[in-house]
Structure formats: structure tokens, C-alpha cells
Amino acid sequence: MSIAEPPGTTRSSDGAAPPANDSVRLRGRSRKRLTSLFAHGEPMVWLSGGSLVLALFMIIGLMALVLRMGFGTFWPGPLHELKLHDGSAVLGEVTRVQEIPAAEGADPDEAAKLRTEVRVGNFDITGVHFRWIDNAEILEATTPEFAVLIERLEWGRFYGTPVAFEIGDERVAEGAEAAWAAFEEHHETVRDRWERARDIEKHDVGKVNHTLEAARLSVRRVGLDHGFESPEYRAASAAADELAQGYEAEYAELRAIVDDLDTQNEGYRIVMATADGEEVPLDVEGIVRAVPANMLTTVDKWGVYGSRWGEFLTAEPRESNSEGGVLPAIFGTVMMTLIMTIFVVPFGVLAALYLREYAKQGVLVSIVRIAVNNLAGVPSIVFGVFGLGFFCYIVGARIDELFYYERLPSAHFGTGGIMWASLTLSLLTLPVVIVATEEALAAVPNSMREGSYACGASKWQTIRRIVLPRAAPGIMTGVILAIARGAGEVAPLMIVGAVKLAPELPVDGVAPFVHLERSFMHLGFHIYDLGFQSQNSEAAKPMVFTTTLLLISIVVLLNVAAIGVRSRLNRRFGTGRI
Amino acid sequence: MDTSTTKPTKPFTLPARGQPPVIIDDPIQRRAAADSLLEAIDRGERVETEIHKSLRAADHVLEVRDFNLFYGGTAQALFDVNIGLPRHQVTSLIGPSGCGKSTLLRSVNRMNDLIDGVRTEGEMILEGESIYGPSVDVIELRKRMGMVFQKPNPFPMSIYENVIYPLRIDGERDKAVLAEVCEKSLRHAALWDEAKDRLKDSALGLSGGQQQRLCIARAVAAEPEVLLMDEPCSALDPIATGRIEELIDELRGSYTVLIVTHNMQQASRTSDFTAFMYRGYLIEAGPTQDIFTSPHRQETEDYITGRFG
Numbered sequence: 024m025s026i027a028e029p030p031g032t033t034r035s036s037d038g039a040a041p042p043a044n045d046s047v048r049l050r051g052r053s054r055k056r057l058t059s060l061f062a063h064g065e066p067m068v069w070l071s072g073g074s075l076v077l078a079l080f081m082i083i084g085l086m087a088l089v090l091r092m093g094f095g096t097f098w099p100g101p102l103h104e105l106k107l108h109d110g111s112a113v114l115g116e117v118t119r120v121q122e123i124p125a126a127e128g129a130d131p132d133e134a135a136k137l138r139t140e141v142r143v144g145n146f147d148i149t150g151v152h153f154r155w156i157d158n159a160e161i162l163e164a165t166t167p168e169f170a171v172l173i174e175r176l177e178w179g180r181f182y183g184t185p186v187a188f189e190i191g192d193e194r195v196a197e198g199a200e201a202a203w204a205a206f207e208e209h210h211e212t213v214r215d216r217w218e219r220a221r222d223i224e225k226h227d228v229g230k231v232n233h234t235l236e237a238a239r240l241s242v243r244r245v246g247l248d249h250g251f252e253s254p255e256y257r258a259a260s261a262a263a264d265e266l267a268q269g270y271e272a273e274y275a276e277l278r279a280i281v282d283d284l285d286t287q288n289e290g291y292r293i294v295m296a297t298a299d300g301e302e303v304p305l306d307v308e309g310i311v312r313a314v315p316a317n318m319l320t321t322v323d324k325w326g327v328y329g330s331r332w333g334e335f336l337t338a339e340p341r342e343s344n345s346e347g348g349v350l351p352a353i354f355g356t357v358m359m360t361l362i363m364t365i366f367v368v369p370f371g372v373l374a375a376l377y378l379r380e381y382a383k384q385g386v387l388v389s390i391v392r393i394a395v396n397n398l399a400g401v402p403s404i405v406f407g408v409f410g411l412g413f414f415c416y417i418v419g420a421r422i423d424e425l426f427y428y429e430r431l432p433s434a435h436f437g438t439g440g441i442m443w444a445s446l447t448l449s450l451l452t453l454p455v456v457i458v459a460t461e462e463a464l465a466a467v468p469n470s471m472r473e474g475s476y477a478c479g480a481s482k483w484q485t486i487r488r489i490v491l492p493r494a495a496p497g498i499m500t501g502v503i504l505a506i507a508r509g510a511g512e513v514a515p516l517m518i519v520g521a522v523k524l525a526p527e528l529p530v531d532g533v534a535p536f537v538h539l540e541r542s543f544m545h546l547g548f549h550i551y552d553l554g555f556q557s558q559n560s561e562a563a564k565p566m567v568f569t570t571t572l573l574l575i576s577i578v579v580l581l582n583v584a585a586i587g588v589r590s591r592l593n594r595r596f597g598t599g600r601i
Numbered sequence: 003m004d005t006s007t008t009k010p011t012k013p014f015t016l017p018a019r020g021q022p023p024v025i026i027d028d029p030i031q032r033r034a035a036a037d038s039l040l041e042a043i044d045r046g047e048r049v050e051t052e053i054h055k056s057l058r059a060a061d062h063v064l065e066v067r068d069f070n071l072f073y074g075g076t077a078q079a080l081f082d083v084n085i086g087l088p089r090h091q092v093t094s095l096i097g098p099s100g101c102g103k104s105t106l107l108r109s110v111n112r113m114n115d116l117i118d119g120v121r122t123e124g125e126m127i128l129e130g131e132s133i134y135g136p137s138v139d140v141i142e143l144r145k146r147m148g149m150v151f152q153k154p155n156p157f158p159m160s161i162y163e164n165v166i167y168p169l170r171i172d173g174e175r176d177k178a179v180l181a182e183v184c185e186k187s188l189r190h191a192a193l194w195d196e197a198k199d200r201l202k203d204s205a206l207g208l209s210g211g212q213q214q215r216l217c218i219a220r221a222v223a224a225e226p227e228v229l230l231m232d233e234p235c236s237a238l239d240p241i242a243t244g245r246i247e248e249l250i251d252e253l254r255g256s257y258t259v260l261i262v263t264h265n266m267q268q269a270s271r272t273s274d275f276t277a278f279m280y281r282g283y284l285i286e287a288g289p290t291q292d293i294f295t296s297p298h299r300q301e302t303e304d305y306i307t308g309r310f311g
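Going line by line, the protein sequences match chains A and B.
601 is the number that this note's numbering gives the last residue of the first sequence; the numbers go up by one with no jumps.
311 is the number that this note's numbering gives the last residue of the second sequence; the numbers go up by one with no jumps.
Don't take each hint at face value.
[What the hints assert, rightly or not] For lysine-lysine, the following BS3-like pairs were computed, each having C-alpha atoms within a straight-line distance of at most 30 Å:
id	chain 1	residue 1	chain 2	residue 2
1	A	Lys-482	B	Lys-153
2	B	Lys-202	B	Lys-186
3	A	Lys-482	B	Lys-177
4	B	Lys-198	B	Lys-186
5	A	Lys-523	A	Lys-564
6	B	Lys-55	A	Lys-482
7	A	Lys-482	A	Lys-383
8	A	Lys-383	B	Lys-153
9	A	Lys-106	A	Lys-564
10	B	Lys-198	B	Lys-177
11	A	Lys-230	A	Lys-523
12	B	Lys-186	A	Lys-482
13	A	Lys-106	A	Lys-324
14	A	Lys-564	A	Lys-136
15	B	Lys-177	B	Lys-202
[To be verified] If you want the footprint, here are the derived chain A segments under chain B, 3+ residues with CB under 8 Å:
id	segment
16	463-471
17	480-493
[To be verified] Across the chosen pairs, the derived CB separations fall in these ranges:
id	chain 1	residue 1	chain 2	residue 2	range
18	A	Val-537	B	Lys-186	50 to 60 Å
19	A	Pro-468	B	Glu-41	22 to 32 Å
20	A	Pro-369	B	His-90	47 to 57 Å
21	A	Arg-487	B	Ser-209	26 to 36 Å
22	A	Pro-468	B	Arg-175	21 to 31 Å
23	B	Glu-174	A	Gly-64	50 to 60 Å
24	A	Gly-412	B	Phe-72	46 to 56 Å
25	B	Glu-41	A	Leu-57	52 to 62 Å
26	A	Ser-403	B	Phe-72	47 to 57 Å
27	A	Pro-468	B	Glu-174	20 to 30 Å
Honestly, the hints are just simulated from the structure, not real lab data.
No residue lacks a Cβ here, since even glycine has one placed at the ideal position from N, Cα and C.
The task is simple: from the sequences and hints, build the whole structure.
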């Protein structure tokens, strides 16, 4: 094109004029004033926009539900005392009010009756956690000042009013106000002692037990290696006995400390009255938290809210998982996802490299590619079954036979564990990584590869220095998708190592510190367990939402970390500055 | 790849096949001869290359002997190509699209090996050593040449890393050497003044013309024996093209350059020798001055004056 040409006029490079018969044909056609609606494409804008809006609506709806229910769980509501027409009284939290479904043949004009669900607690006395009460039965509803909600280690919540406080056989305080003051004074010290005792039991006593168990196993190993009649076995056995005797004294010492703490705590009781007037003494050491819900100022409420969240995030579960915290589940979820990522990324990237860079493109490679893509559609439970059969029963059992034969017949690696769960999920997410990596590799311009070859680079040098860095952001996208998929997966985990309650974390202070063979807790499985396996499902329901919220937050957090890495790579290898 | 060649045993001279050039003065006779030549090519007959005496007598860095290239077994892209590249001179390849210029260029550093099903016959000799010999290490061979592509293809890394890439892959670690080579190459490519303060910046942030000069810097970094340029200016604007042409002019005397171009003005401005290709045949090669002012063959003149192609 010459420079003198005015802007806007274009000419094909060969300078040929358009064929003349075209304009002849156009001249014959009648011209319309307006392009038709479909030619405009306006409906497609609405259709595509509408689809997006619908998708957003569903996502936002889901998130709003989870957020509302999840964040609301721990907010301390008021306690209501309902006096009923039959003279009885009920104290508790109102959880919902709904219409009573009309009975068949009822007068349709009659105003709908309402009923109220009240969380009444006191399961040890009444045998129920929740009660439905017809609104018609309620005589009056009040919010008594001294009504206290008590979260206990056992039997769930207790609702009542303080009556007295006892230390030993002596009543140190009478009346609601004095009893509450006395409780507040002593609760913290008693709880401290209790926590110290449990801590010693768990860590110090646990360590002694671990050492003794390890000694026993090593003796058995010597026996298996050299025979149970051999002098080696006798020597090892004697050494172990000596060790055990040494530890016996330490064990007794620890036991004494624990017993002393427990004795000190004995006798601290708060006497509570239920709504019906029955007096119930409660051990102070068994009270996790007592909330005088109707006396709380807004600041106090936030305090309770925060302390409940704190417990949820940092404590271990109790009351068959429906109370307490989910720390082991958080730990298990994050650790399993990270181990999975460590396995799946190199594996998937190498496989994709071979498929895209080394393999001769042809029918066979296409078949492999289709097979890999289809692998993503296999039900995840099938991966779980495969993981159980292959990793646990074949690989794990072989490891046990070779290295941990002194433990047999009890399985060490030969059963579900965090390692096998991670490997199973690696297989599950492998197609995602392979497909994303292949696409990222395909998007690297051939001119860059040629430039590298022309400089005298070998294939591997080209891949390592040019192709992989350039494809890194795309590979990270695959990693992000794999994390999202893996962290939320539950079904296969149920058979390869996720358990309802894991006694020990996979990482602790006992050598070798990381125990990949251990079973673990997982938030996804925890949600299933809370929602569908819990005896107190009504009380567990809010926890389901809270746990869901937590799981989503963890997935988001992991993804944000991965996206951060990707944008760093993008900055480094993209068009921008380094 | 099939390389049915023999090692040269005696000093190589371009084959003086066919008759010495007969310069026909009569325009009508000339035209008839040209038409018959093109028709002969169309019929698939072999055509002799017209190589001017001064080119034949030059000191050749690279010599191409009876070179044939086939794509996928049957489609032949190059027919009996014979040419030599004079030392430290610029030689340009011209010809219409699809005539095999780029194929010939890419055959020099065996980039065509990367394409499945390419087969060659004949021989190329670089400084007395065979390029297509059976024991040639292609990677080491490519390190002896630099190549600049049609589209600038800087690597996704810093300017500095881009320039020293050939040394990096060769395992050079001495920082002082790398820095020196980087500066020297960038100066050779006339990019030093623009890039010296942003060596650590991504090369992809440069303009198109700068990117192409960076690619030239990269190509000359390893002191190549031959610099191959495949239409280096076709993706650039006239100003950037002018700079690259100046650059090629400066490289003359220190590098042996083979440049493919579509642009006949460019060939006439930048090169010392010009070779005209048509349909996979090398029709005529000689000093640029002669090719553009008094070509021996009518079809060369026809192409240069725009009568066909």
C-alpha cells in the first residue's frame, strides 16, 4: 500500500479489483431500510448475557446460603422461657417457627396454625435436644435475666438458671447472681487444671506409650530376624524390659500429676435449675463455655461469637463431631491436597510433555489423548476402589511385609492412610493436569521452538528453557483446577483413609514426625458425617453449613495461592516487565 | 533423513556444467529463449544454473552441490541447486513465492530435519566439512550458524538472557564472558544504546523492530560462520526495515550472510551477490550489480522488472 493513500481505503495486496459481476447482482436486489433482528445478532447478546446471569444467580444464591447459615451458627441468640397452658415451662433457643401442615379435611378457611421449634438441650434429663411446641399452647414467653446456656463436654447443651455454687460439700454461694459470680471466678482455673491434665495424658503419657510400643516392636523384629530362642532376642528382650522399668517410674509420676489435678477439680459444682424447677448439679470442669445469653451486651456477644469460632478452628471435635472444633479435619484436608499436588503436578506435566513434544502425533497418540480425557469422567468412587485395591492392599501390604513385618498382622501401610488417599486423588486429578498442560504446550508458538533449535539447542534444552517457562502459567491453571477438584472430593476418600475421628494427626512430635500411613479427617467427609450420620442431626445442621463455609474458604485460599504463583509467572514470562 | 552423499576428497569447485553463457543481444531471440526455459521448467526438465564468473571464483564459506530436496517422498522442492556463499559477503536469494528460497535457506542449518518426511540429495559443504554427512551432529552444526526468522521470535525471558542464549545452552557460566558477549552482540545489532538500561526487562516488551534486532544479536552472539536471514524485514515497518538494512550493511565484512527477501530493492541495496530462484531451480546467480543491470538470462530480467512473479 502506498503512503499517499488516504486512511480508510484498503486494497488487497495483489491490487485486484473486486469482480464486476458482484455489483451487478447486488444492484438487482431490493434494499432494506433496517437489517433484520437476527442479522444484527441482538438476540444472541441477550441469550449469552442471560446464560451468564443465570449462572451467576445460582452461584451467588449458593454462596449466600452458605455464608448466611455458616456465619450465623455461632451467634449467641436470646434464651426464651415459654410457659405452657399445661403448667409446664420450657427454656431454650427458638430455632424456627413454621406453619403446621393442615390435616386432611380441615377447614381451609381457618387461619394457619403455627408451631415453634425450641432447642431445649438437657438431653441427660429429657432425652431430647429439640421440641416442637404449638403456638396455641404457649401461655407466655419471657427472656429470664439469669438464663444460662451451658456447653458441656458430655450430653450436649444445658439450659437453666444458676441456683448455687458448691466446692466440696460446702455451698459457697446461693442465689442466681452470687452463684454466677462464683462460677465466673472459679471456672477458668478449674478448666486450666483440666486442660493441663488432658495435655499431660495426651502428650507426655502418649510419648511414653509410643516409646514402649516401639521397644516392643523392635524386640519382636529381632525375634523374627534371629528366632525367638536366639541370644540376640534374649538380649533385646532384657534391654526392653529394662527400658520399660525405667519408664514405669516416669509413667507413675505423670499419672500422679494428672490424678492430683483431677482431685483438685473434684467438688467444684454449679447447681442449675431447669425451667421445670428441677435442680441439677453440674461439674465445673465439664463445662466448656457458659453463656448468660440474655445479659450479654453486643460486645459480649461478639466475644462469645469469636470464642466459638476460635474453638471451631483450633480444637478437636467432641460429642461425635457435632460439637467442638474441626482442626484435625482442616489439617487433614490441607495436607492431603498438598501431597496430592506434589504428586500430580510432576507426573501430569511429564506425561503431557511426552504426549505433546516427543510422541509422534498419530492415531495412537489421539487414542491415548481421548482415553486420558475420558479418565476425567470415571466416577470418583471407582478411583477410590482402585486406590484401596492397588495402593492399600497391594503396594501397602508389600511395604508392610518388607519393612514393618514385626507389626503384622495389624496393617501399618496396608490400610487406608493419607498417603494412599493423596495418591488416589492424584490419579483422579491427573487428566485435568494433563489436558491443561497439553493445551499450554500447544499454545507455545512454534517460532520460539525453531528459534531455540536454530541456536543449537537440543530438544530437552528447548523444552526446559523455552517451552516450559512459557507454558508455566497454563500449567498452573491446571494445578488450580486439580486443587479445586481434589480438595472437594469425598467419595473415594471414604474408602482409602478418611475417617470420622482420627486419634492422631498425620504430623506430630513423635519420630519420624510425618506419618503418611495414618488415617486422617477430611472436611468434606466431616460434612457428610455431620449431616447424615449424626445422632443429633438437628443440632449438627448449622455445623454442616459452617463446615461447608470453611471447606470452601480453604479451597479458595489454596486457589488464591496458586493464582498468585500463576500471575507471578505471567509477569515473568508474559509480555510485561520482569 | 536420507543423505546419500560422499565426502569431498579434492578441493571443491563449482561444477562448470553446460555451455559458457551466451549473451543474446537480440530482444526477440532473448524472449523466445526465456519462454522456452520457463516452459522447460514447467515440463519438468532440468535447467542449468547460470553462475557468473566472479561468483564462481570467490572464496566460498559454504558450497551447495547438486542439492535436491523432497517433501513427503514425491513432492520435490529443490532441483539440483549449485551455489557458493562468498566469505564475509552478503548473498541474497530472490524469487517468487514458493520458489524454494526459504527451503534452501533452512536446508543450510538443517532446520528442515524438524519436518517429517523431508529427504535430501546432494551435498552442502561448510568450510570443507559436510553438512549432510552421516556422522554430523546437527546440534553442533547449528551452533556454527545463526538464524534470523521472518517474524521476530524473542524468547520469553530477559533481553540479556535472550542474547546469551546460545552460550547458555553451550554451558558457558563465566559472568564476565556472558556480559561481554551480550554487549558486543547488542552493539553489533545496533541495539545496545536502546537496551543497555533494560537488560533485565522482558524481551517481549520491545517493539517489533527492536525484537528483530535482538534476534540478530542472538544470532551473532555465538560468532557464527554463516548468518541465515529468512525475510527478516517482512514483518517490520519501513523505518525498522531501514535500520535492519543498515545493520546488514555493517555486518558485511565480519559475517557471511545469506538473506532471503521478497523485496528486490532490498536485495539490490544490501547484498553483494544475488541468486534468482524459480520453481525450485536456481536460474541465475552473480554479483548483485550484474543481476540487476545486465542479467545473463531473460527470465531474471523479467522477474526483476516485474514482468512475472
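Worksheet entry | Enumerated hints in conflict with the structure, sorted upward | When the structure is compared with the hints, numbers 6, 19 turn out to be violated.
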